[in-house]
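Colleague: Protein chains in written order, with the numbering used here: chain A, 1 to 340; chain B, 1001 to 1187.
Since the hints were made in silico from the structure, they are not lab data. Treat the hints with care, since some could be wrong.
Straight-line C-alpha distance at most 27 Å; calculated DSS-like pairs for lysine-lysine [what the hints assert, rightly or not]: (1) A/K52 to B/K1173; (2) A/K279 to A/K302; (3) A/K137 to A/K261; (4) A/K64 to B/K1049; (5) B/K1156 to A/K327; (6) A/K36 to A/K72; (7) B/K1173 to A/K154; (8) B/K1039 to A/K279; (9) A/K302 to A/K257; (10) A/K302 to B/K1147; (11) A/K64 to B/K1090; (12) B/K1065 to A/K77; (13) A/K64 to B/K1173; (14) B/K1173 to A/K279; (15) A/K154 to A/K182; (16) B/K1123 to A/K64; (17) A/K257 to B/K1073; (18) B/K1039 to B/K1123; (19) A/K137 to B/K1123; (20) A/K187 to A/K221; (21) A/K52 to B/K1039; (22) A/K64 to B/K1147; (23) A/K52 to B/K1126; (24) A/K151 to B/K1126; (25) B/K1126 to A/K72; (26) A/K203 to A/K214; (27) A/K137 to A/K72; (28) B/K1173 to A/K302; (29) A/K154 to A/K203; (30) B/K1049 to A/K72; (31) B/K1126 to B/K1065.
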Amino acid sequence: MEFTSSDDFINNESFVNYCLEINQQDVDFWKDYAIKNPDKLTVMQEAEGLIKDLHLLLLAEQLKPGAVTALKNHLRKNRKKRTLSLWKYVAATAAVLFVFASITFLYYQVQNPPSRPELARFATHEYRYEAGATERKAINLWDGSFVILEKGAKLVIDSTFGQLDRKMYLSGTAYFKVAKDKLHPFKVYTGKYVTTAVGTAFKLEANNTLKKLKVELEEGKVTVEKKNGNSWSLIATLNPKERISLEDNQHLPTHQKFSDKDFSRWKIQEVIFQDAPMKEVLLQLEIYYNVKITTEDGAVAKETFNGKFRQDSLQSVMEMVCFSLNKQFKFIDSNHIIIY
Amino acid sequence: MNISHTDAELWRSFCAGNEQSFVDLYERYYNTFFVWGCKWLGGEHDFVKDQLHDFFIYIWERRDKLALDVNVKAYLLTSFRRQLVYQWKKYKKIESTSEFADFAETDDSELLQAELITEQFSKLEKALTLLSPAQREVVELRFLQNKSLQEIAHLKNTTIRTTYNLLHRGMTKLRSEINEKKFLWLW
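Put together the whole structure using the sequences plus the hints.
Modeller: In structure tokens:
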């Protein structure tokens, strides 16, 4: 293999082994290579620098939660020492005061449980997604939920996602197919509003500059709340096939029915797969076209797929997918397809 | 979403005794300091980890003696490096008054270096957050846990090809993010 750019080095497994000193054989090989190819030294060093930095950064992120907890514990310990010595002094002066002090101290203990497991709070990461100006973006979240971001929309997944709830922030339009998880409500924050769902499918159109929000519910149930100072007040509960539009200066939102035809048409406006695992492709097609797709051959799931569809019928999409898999498909009933 | 305070705001509030601001500063600079500490010492992760903790405790205890008007980044990074190198020499029992002169640089160059270090670093940090969860996972398995492609494929019950593609796309994304401006890797 010819190595011309630093990317060639970065993508070489043996070279990474050398940089991270995983394998002595690779270390020897690349040391020798460096001597024999002095002209490659600059790009090699660049690649090595990135790989080592990446390794250290990942290590730092792994250590950080523990380190922050350790620092907080240190601060807390010192604070307690000070509180203790103060109370001791007070207790020595008067018995009545002592009783009062110990109650307060007990209360203080309860308020500050000594070793709360704080690690998890920092364990995950904030993720940002942004659809391009000309293309939509499909996202598989790790709880099994699925999101379509309309062109120009942005979604930030909060770093606490999955702990108490599943929190995210949206600007623009997006469709959510929420994985069922009653213990962790799925919450989408849009300006002053928060839309909460448990297991459901809905579409949000948030216009932050005009302070408008439109919610369309396909299935399940969602609630919409508005920020009111420090608390949230319930504005609406939606039933399937209902929509509401909210504007900041408008107090009474209106429930309207909407046609699921328009909704389905919106979903399939543009479907893009780029080197997508077939398992993911089929899952997305199920969501876009409201069908169930099963495969007879499990190996199919390991293939990858590239394709772009715009307002295509399910028939033609399935033909394309099956062609690439060298497989056939048939409808068992109106919403169940089998690939064989 | 969190409202992010500037360094200067956090610094002032920390000097006034605000614990949260102090913890925020620690969180903000942890990655940078850890990585650069390891670079300066050529590894020694555990030592750097402990020193980082001690260093922040040290500045916390001296908070009322610190100058309010400093370039926070440069000040912290320079102090940390001095402390780290000093402790390292003490730990290794290296007697060297002469070598210490290396670290008596002018403020300007230190400032410049701190800027350079944190700028290139924040790019990589930011780029890392842009990876998809799946990409991030393989990148971690490969570059943190030192797993081979074969092992990752096995672990994720997929093919080597898919694993390679995922990793390749992840790395390409990182590269494109940090390569906006070409800079030197100060290894």
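Colleague: Which hint numbers doesn't this structure obey?
Modeller: 6, 8, 9, 17, 27, 31
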